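Protein chains in written order, with our numbering: chain A, 296 to 589; chain B, 296 to 589; chain C, 296 to 589; chain D, 296 to 589; chain E, 296 to 589; chain F, 296 to 589.
Take the hints with a grain of salt, since some may be wrong.
[To be verified] Just the calculated beta-carbon pair ranges, DEER-fashion:
#: 1; chain 1: E; residue 1: R465; chain 2: C; residue 2: D459; range: 30 to 36 Å
#: 2; chain 1: C; residue 1: Q318; chain 2: D; residue 2: E463; range: 18 to 24 Å
#: 3; chain 1: F; residue 1: E531; chain 2: A; residue 2: E367; range: 48 to 54 Å
#: 4; chain 1: D; residue 1: E463; chain 2: F; residue 2: E580; range: 41 to 47 Å
#: 5; chain 1: D; residue 1: R524; chain 2: C; residue 2: G541; range: 29 to 35 Å
#: 6; chain 1: D; residue 1: Q478; chain 2: E; residue 2: E548; range: 38 to 44 Å
#: 7; chain 1: C; residue 1: G541; chain 2: E; residue 2: N498; range: 23 to 29 Å
#: 8; chain 1: E; residue 1: Q478; chain 2: C; residue 2: E307; range: 18 to 24 Å
#: 9; chain 1: D; residue 1: R524; chain 2: B; residue 2: D476; range: 28 to 34 Å
#: 10; chain 1: C; residue 1: E385; chain 2: B; residue 2: G541; range: 33 to 39 Å
Because the hints were derived from the structure by calculation, they are not lab data. These figures come from a predicted structure and were not determined experimentally. C-beta atoms are modelled at their ideal positions from N, C-alpha and C, and glycine is treated no differently.
Number of protein chains: 6
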Amino acid sequence: MEQYTKAEILIEALPYICKFHDQKFLIKYGGHAMVNEQARNWIAKDLVLLKYVGINPIVVHGGGPEINRAMEKMGKTPEFIHGLRVTDEETLEIVKMVLIGKINGDIVSKLERYGGKAVGLSGKSGQLIKAKKKIQYLMKDSQKIEIDLGMVGEVEHVDTKLIDILVEKRYIPVISPIGVDHQGNDLNLNADIAAGDIAGAMNAEKLIMVTDVDGIMDDINDQSTLHRRLTISQIEDMIEKGFITGGMIPKIEACINALDKGVQSVHIVNGKTPHAVLLEIFTEEGVGTMIVKE
Amino acid sequence: MEQYTKAEILIEALPYICKFHDQKFLIKYGGHAMVNEQARNWIAKDLVLLKYVGINPIVVHGGGPEINRAMEKMGKTPEFIHGLRVTDEETLEIVKMVLIGKINGDIVSKLERYGGKAVGLSGKSGQLIKAKKKIQYLMKDSQKIEIDLGMVGEVEHVDTKLIDILVEKRYIPVISPIGVDHQGNDLNLNADIAAGDIAGAMNAEKLIMVTDVDGIMDDINDQSTLHRRLTISQIEDMIEKGFITGGMIPKIEACINALDKGVQSVHIVNGKTPHAVLLEIFTEEGVGTMIVKE
Amino acid sequence: MEQYTKAEILIEALPYICKFHDQKFLIKYGGHAMVNEQARNWIAKDLVLLKYVGINPIVVHGGGPEINRAMEKMGKTPEFIHGLRVTDEETLEIVKMVLIGKINGDIVSKLERYGGKAVGLSGKSGQLIKAKKKIQYLMKDSQKIEIDLGMVGEVEHVDTKLIDILVEKRYIPVISPIGVDHQGNDLNLNADIAAGDIAGAMNAEKLIMVTDVDGIMDDINDQSTLHRRLTISQIEDMIEKGFITGGMIPKIEACINALDKGVQSVHIVNGKTPHAVLLEIFTEEGVGTMIVKE
Amino acid sequence: MEQYTKAEILIEALPYICKFHDQKFLIKYGGHAMVNEQARNWIAKDLVLLKYVGINPIVVHGGGPEINRAMEKMGKTPEFIHGLRVTDEETLEIVKMVLIGKINGDIVSKLERYGGKAVGLSGKSGQLIKAKKKIQYLMKDSQKIEIDLGMVGEVEHVDTKLIDILVEKRYIPVISPIGVDHQGNDLNLNADIAAGDIAGAMNAEKLIMVTDVDGIMDDINDQSTLHRRLTISQIEDMIEKGFITGGMIPKIEACINALDKGVQSVHIVNGKTPHAVLLEIFTEEGVGTMIVKE
Amino acid sequence: MEQYTKAEILIEALPYICKFHDQKFLIKYGGHAMVNEQARNWIAKDLVLLKYVGINPIVVHGGGPEINRAMEKMGKTPEFIHGLRVTDEETLEIVKMVLIGKINGDIVSKLERYGGKAVGLSGKSGQLIKAKKKIQYLMKDSQKIEIDLGMVGEVEHVDTKLIDILVEKRYIPVISPIGVDHQGNDLNLNADIAAGDIAGAMNAEKLIMVTDVDGIMDDINDQSTLHRRLTISQIEDMIEKGFITGGMIPKIEACINALDKGVQSVHIVNGKTPHAVLLEIFTEEGVGTMIVKE
Amino acid sequence: MEQYTKAEILIEALPYICKFHDQKFLIKYGGHAMVNEQARNWIAKDLVLLKYVGINPIVVHGGGPEINRAMEKMGKTPEFIHGLRVTDEETLEIVKMVLIGKINGDIVSKLERYGGKAVGLSGKSGQLIKAKKKIQYLMKDSQKIEIDLGMVGEVEHVDTKLIDILVEKRYIPVISPIGVDHQGNDLNLNADIAAGDIAGAMNAEKLIMVTDVDGIMDDINDQSTLHRRLTISQIEDMIEKGFITGGMIPKIEACINALDKGVQSVHIVNGKTPHAVLLEIFTEEGVGTMIVKE
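Isolated chain A (complex conformation) (with noise of 0.2 Å):
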C-alpha cells in the first residue's frame, strides 16, 4: 500500500515532466536561503532531479550575509543605499572572492554530489554579463541627486553562448552576478536583478527565486495570508495599499523586471521549506507565490 503510494506521487509529476520538459528556469539561490547544510542539501538534490528529467535549471546565486561577515572579520562596515551594496575596490575584491572563490563552488560541489555535472561561472566568463556602471539617484529635500554607489553595476547585455553549449551539453550552470564593463572593470551586479536579465536573455519559461520567506504574504505572521498567484496589477495595487513594504520591494522590482524581459512566471520560494523548489513546481498548490503578468 505505502509502495503503491510512492508510485502515485512519482506518477503525479509526470503532466509537469511532460509540460516542462527541455525547457530552462532560472533559479536565483538567495544568500539568505542557504542557512544550514540540510537546506542546501534540499536545494541541490531538487536542482539535479529536475535535470535528470529534462528540466534545465540555470543558477544565480548571492551571498550577502557571507560576505558581511568577510568584510567584518577584516573590519569593513557594510553600507547599503536602496538595497545596494556600496561597494569601493577592496570591496569589490572582498565581493568577488566570497562569492566565486567560495559559495559559487560550494553549490558546484553540493550539485556534483547529488549526480549533478555542475560548471561555476562568473559574468566574466566568455562575455557571459556585460554590465555598466549603475548611477543610483536619491530624493532629499525633493530634490534628486546622483550617488556614487562605487562600483556597482546593471546588466547591458548577456551573451548567452556559453550557457547555451553547456546547458545543451547536460551541466548545470552556476553564476556568480559579477559584471564586467566595457573597459573591463568588474563591477558587482544585484543578484535578483541579474537573475531575471539572465532569464529573459536565456528565454528562461520561470525564474524562481529561492528566499527566506514562503513568498508573498498579506500578514508576515500569517501563513494561512500567503497568496498563491498574482499578477503584476494586483502586486502593483498592493504596494500602492502598503502591504508590500521595505525590503521586499527592490524583491519584487526584480520580479517584474523578470517577467518584463518575457519570463513567463516568477515563483517566490522559501528555501528552509524542504524541496521547495520542486513543490512549488511539480504541484498543483504549489508552497510559495506564483508572479504572473495577467
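Start from chain A and add chains B, C, D, E and F according to the hints.
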C-alpha cells in the same frame, strides 16, 4: 508535512534515475497482464515516466488470450505444444491481425494519451527481426520426434537500426513479435524469447517481464515466499528440486536466454500490481523477482 | 543492338531522375489495385526503384474489398453513405485489424523483398494523424440532414516529424489511414482524402493514385478517350457536363483536395497496368491522367 | 506493350542498383576512348545516371592522343619507353595544359550538361597525389640499365580527404593524373596505374577501364573470343602462353595493381560501344571483360 | 631586444586578426603581378598565413602576359578591344590551357609548398560561374556599334556552394575565370570583373587587387602622391578631372562593381612589393590604395 | 623597408603556425610570473594570439605569493614542507578565495580584454579534477615519517570532457588547481604537477611553464649558461652533479611528470621576458629551456 513526504519520494528516485540514465530497458508486456483498463493505464504511465526521466523503454508485447478469443470466434481451437502455439496459415493471419492490428495499437494509444510519443512496429518493418522456422523436438517412447508447429519461428538476427533511430529521436517503440524468414514468409514468435533476443541485440540493461504473477515464489499461494533476487544457478537448483514447474519453466528459460544475450538483469513483475514497473526500478526493495547471472 | 536499346531506355529516365531528385511522392495505393500477386509485385518494384534513384515514395494504402470480405465472414454487412463506410465499434476493430494487421504488413513485406527498407505505420504512431469525427450532411426533401457515420473521421493535423525522420533515414513509410481524435479514440479515414492531406503536409511533389482504372476517360470503354492531362477547371467542366459521374466524383474531390494542399500534380494510374507508376513518372507520354491546378 | 518493355528494363537494373548502392566506382577514361562526340556523350550520361542512382563514380582520365597532337603542333616528337612517355620540362608543360586545361574541362562540361555536378581536379590540389620520380629499368645485353624518363612519377600516397568531401557532397570528381613530389615538382603519371592506386585508396568497389578495345580476346579480330570473366592466374597463364602481348600488357599490369590495392573487380570496356559502362554494370552478361582476384 | 621587436610585431597583428576572423577575402591575383619567383612566393606565403590565422582567402587569377606569349608562339596576334581580349575558338583553347592548365596549377603548388591546402578550379566545376556572351558597344562616328568579341562572357550567376564547402573544410580555392553559358559553351571572362562578382556572391569582406602598380596615384612617377583611401565619389571626381586615365579605368570600374555587389572595401596593392597583401591588411597605414563606398 | 621587416617577421612564424595547428598547449602560469601589469599583458596577448592562429592554450595558474599575502593579512603564517603548502581548513578557504575568486578572474579579464574568449574554472566544475589526499613522507633520523599536510591532494583522474567542449567552441579555459576527492572535499593541488597531469590527459603537445627564471642555467647569475634544450637523462645528470638544487628540483620533477604523461616537450620560460611564450614557440632559438624525453 504531506508535501514534504511527496518531495522526499521524488528525491528517493534520484539515485536510480542517475544510475539508469540513457540506458535501454526492454519491457516484455504479456497478454495476461493486460487484464483491465486500470492495469493498462498503470503500465503506460510508468513507461512514459521512464522515458521522460531519461530511461528508454522498448516494448515487446504478447497477446495470447486475445488471440485465443479471436480464434474461437472464428471457430478455430487454439493448440499449444510445449507452450508454443501451433500456427497454420489461417492462425498466422489471426495472430497478425490481433497483435499488430489491435493490441499493438492499443498500447501505442495509451502511451500517447499519457504524453509519450510511441511508434507501433512489427518485426517485419526495417528488417527488424529476421527469423527462421523453429524445429521443435518431442520425446516420445524415449525417441526424439520432430514436431511441425507450422509458421512458428525463432529469431535469427535483430537489425537494431530502426529502433536505435526511434529511441534516439525520443519515441517509445512498441513491437509485435512477428518475424520474417529469408523467403519473406512471416513467422509467429514466442514473445518472451523474442524480447530477450531484442534486449540482447539492443544492449538493454534490463528485461522486465510484465506478467500476471508476482515473481518466483516457493509457494504460489504465499506471497511471503517470493524471492526478491535469484541467480541462474539458484534457479536451476529450484527447478531440479521441483520448486519451479509447469508453465513457469518456458518463461524462466526466456529469462536465462536474455541474460545469456548480455542483459544485466531480468525482472518478473505483476502487471496487476499498481505501477509495478516503476516500483521495481525505483525502490530499494522492488516488488517482483530479479534474476541475475550470478 | 538489343543491349544498346536497354541502355538507351535507362538513359531516357535520366532527365526525370534529375528533375525529381530528393522529392517526395505520395502514393495512394488503393485496395482495388491489389488484385493479384503480379500487380502487387509491379508496384513494389516500382516504389523500390524510385527510392533507390533518389525519389522518396510515401505510401498510404486502402483496403476496402478485403475489409468487406472480413466483415462478411463475421456476418456483418458493409454499408456506405456517399462513399464513406459506416463504422460502428466492431467495424472499426475489423478495419484496423485488416488494414494495419494484414494489408500494411503485406505491402511492407513486398517492398522489403525487392530490396527496399519499409516501415509500416498507422496514423496512431508518433501522433501522425490527428483527426476529428466527420460530420456528414445529406440532402433529403431539400433539407440538410446530419448523418452519423460512426467512427469516421477527417484529418485535422498531420505531424510530419516521424515520416520526415524515416524518409531521411532511407525508409519507405507505409501508412494505414487510421487517425486519432483528441480523446484518444481511433477514427476510420477515407484513404484518398487522407493521402492528399498527408501529401500536402509533407510538401510532396506528386500524389499518385494507384487505382483500377486507367485514368479519366470520356468513354470508360474506349481507351482512346483517356485524358493525359487535365486542369481543375477542365475537370469541373466535365463534371458539370456529366462526363464524370458516380464513384469517380469522390476520388476527383480527393485529387482537388491534394492540389489545394499544395501538391503540384495528381496522377491517376491503373495498378493492373504493368509498372504503371514508373511509366507515368519516367516517360514523356505517361500511362494515366495527370491533373494540375491550371 | 513497348511501354511495358521499357519499364521491365528499368526494373531489371534494380538488383544492381541495390547491390552497388553507395559504393565508389573508379572510372579510368582513356584518351583513345574519347574518339568522338557521341562516344563522349554516352560515357557522360552513363556516369551521371550512376551518380543519381546512388553509385559514386570517380573519374581519372588520360589523353595520350591529344597530347601527341599538341606536341607535334609545337614541333616535338612524342617518345615512349615501355609505354611511358619520356617527359622533359617542355613536354610536362604541354601534358598539363592538355590534360588539366583541356580534356579535364571537357569531361566536366559534358557531365554538367547531362545534369551532373562535376569538379575538375589534378593530383596537385589538396595534396591529392603525392608522387615520386619513377626509376625505370631496361634490360640491355642482359644488363639492367636505369633509364631516365624525365618528369615521370609513380604514386606514393593518395590523400583521399578532398575526394571524400566532394563525393559526399554529391559531386563527381574528375582527376588529371599529375602528381607532386616532396620538393613540389609536378610529375607525369601513367593514368592506368594511378587510377588503380586511387581506386585502392578510396576503397572503390570497381575499377572500370574505358578503352578502345572490347576487353581481353583470344583473337583480337574475333569478337566471339572475348573473355567475360578472368582471374589473375588465368591472365598470367594467358600471358605466359602468348595470348596477351604488346600494348595490352601494361594495361593488364595496371588491372592487377588495382586488385592488389583492394579493388574487388576490374572491368575493361570499349568506350565506342554505346553505354558500355552502364551495360557492364547493369546487365547480367556485361559487354567487356571482368577481372577478379580469383 | 631584437627578439622583443619580433614579438611586438606579431602582437601588432592581433587586433587585425581578431577583427577579420572567419571573414572571406577575395584575392584577385593579376598576371602582371606574377613577374618573378620571389614575388610569387611573397603572395603565396601571405595567403597561407591569412588562412592559418583564420581569414579565408579565395583566389581569382589572371594571366594575360602568359596567354599572349602562348598565342604568339602559335603564331596568333593578341587583340584587345576596350581591354577585353577578342577570343575566337582557338584563342579560347589557348586561354583555357594557359589559365587552367598552367597558371592555376602553379599557384596551387606554391600555396601547398608553404603549408596551405589549395584546390584549383575553373568556373566550369560545380556550376560555379554561369556566364552569358558579353555584348560590347563602341561609339563610332557618334553611333553605337555592337562589337563581336567572340567567346567573351560576363558573369550571370555565381553558385557559391562548392566554394563554401571548400572554404569550410579549410582549403584555399584558386579559380580560373572561365564561365559556362546555358548551352554549355565556355566563355573567357575578365578576371577583375569576375573577381568582384564572386566576392559579392561569397559575401567577401574585402577584394584585394594584386597588380603591378602601388595603387592610385596623382602622379604615377611620384610615390608620395599615392592615395591611401578613396571613396567612389572621390574617384569619380578624379576620373572627371583626368587624374585617372587609360588602362586604369577598367580596373577602377571593376573595383566599383565589387563595392556595388556588397564588398566592404577594395584594395589595390603592388604584387612586386614584398608581402603587400599582409602589410595592407595587418598594418595601420597599409601599402596600397583602399577604396570604399563612402 | 621597415614595413618589409614587419612582414618578414610575421611570415617567419608561418612554419610554426602550420606545425602546431590545432594542437593543445598547456600553459602553467606561475604566481611569481604575475609580478606586474605589463608582464600580465604580455602573457595575455601571447595566449590570445596563439588561440587566433589555431593553437589551443589551456591555462593552469598558481598564486603562491598572493595567497601568502592574504594569509598574513588574516594573521596566519604560511608553512611549506617540501614545497607543498600545509593546508588547514581555514587556509584552504583562503587558497580557494584567492585562486578562484581573484587570480583566475584576473587572468580571464586580461584574455578577454585582448580579444580572447576565456572561461574560468576550478577542478571542481564538471568533475574536472578528481583528487586524493596526498601522503607525504619525510626522512628523519633515517626513518620514513608520514607527514600530514592537511587538505593537500594529488590528481587521481582528469575528466577532459568539459575542457574539450570549451576548446572546441574556441574558448581558452583558465583552471585553478583545486581538486575534489571522492567524499566531495576540496583539496589544494600543486599547480606544477596538476598542470602536467592535465596536459597528459588532454594530449597536449607542449607544457609551457611560465616562471620567474629564464630556464635551467648552470650559473643562475650568468645568462650565457642557459640550456636551450635538455633531455631527461641530462637533467638527472645535472641534479646528481649538483647543478640543479633547491627550489628548482620540485619544478623539474613536475616537468618530468608531464613528459611521462605523454607531453612531447616541456618549456621553462620567464614571464618577465616580454612575450616569452610567443618567442619560445615561434622562433628557432627560443628564449627558455626546452626539456624533452630524449
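Whether the CB-CB distance between Q478(E) and E307(C) falls inside 18 to 24 Å: For E307(C) against Q478(E), whose Cβ atoms are near 22 Å apart, the range 18 to 24 Å holds.
Range agreement (Cβ of D476(B) with Cβ of R524(D), hint 28 to 34 Å): Given range 28 to 34 Å: holds, Cβ gap about 32 Å.
Hint check for E548(E) and Q478(D) - Cβ pair distance inside 38 to 44 Å: Given about 42 Å between the Cβ atoms, the range holds.
Distance restraint evaluation - R524(D), G541(C), Cβ atoms, bounds 29 to 35 Å: 59 Å, violated
Assessment of proposed distance window 48 to 54 Å (beta carbons of E531(F), E367(A)): 53 Å, holds
Assessment of proposed distance window 30 to 36 Å (beta carbons of R465(E), D459(C)): Check passed, 32 Å falls within 30 to 36 Å.
Outcome of range test on Cβ distance (Q318(C), E463(D); 18 to 24 Å): 21 Å, holds
Supplied distance hint 41 to 47 Å, evaluated on CB atoms of E463(D) and E580(F): 45 Å, holds
C-beta pair E385(C), G541(B): status relative to the range 33 to 39 Å that was hinted: At 36 Å between Cβs, range holds.
Outcome for the supplied range 23 to 29 Å, where the beta carbon pair is G541(C) and N498(E): 60 Å, violated
In summary, the numbered hints that this structure violates are 5, 7.
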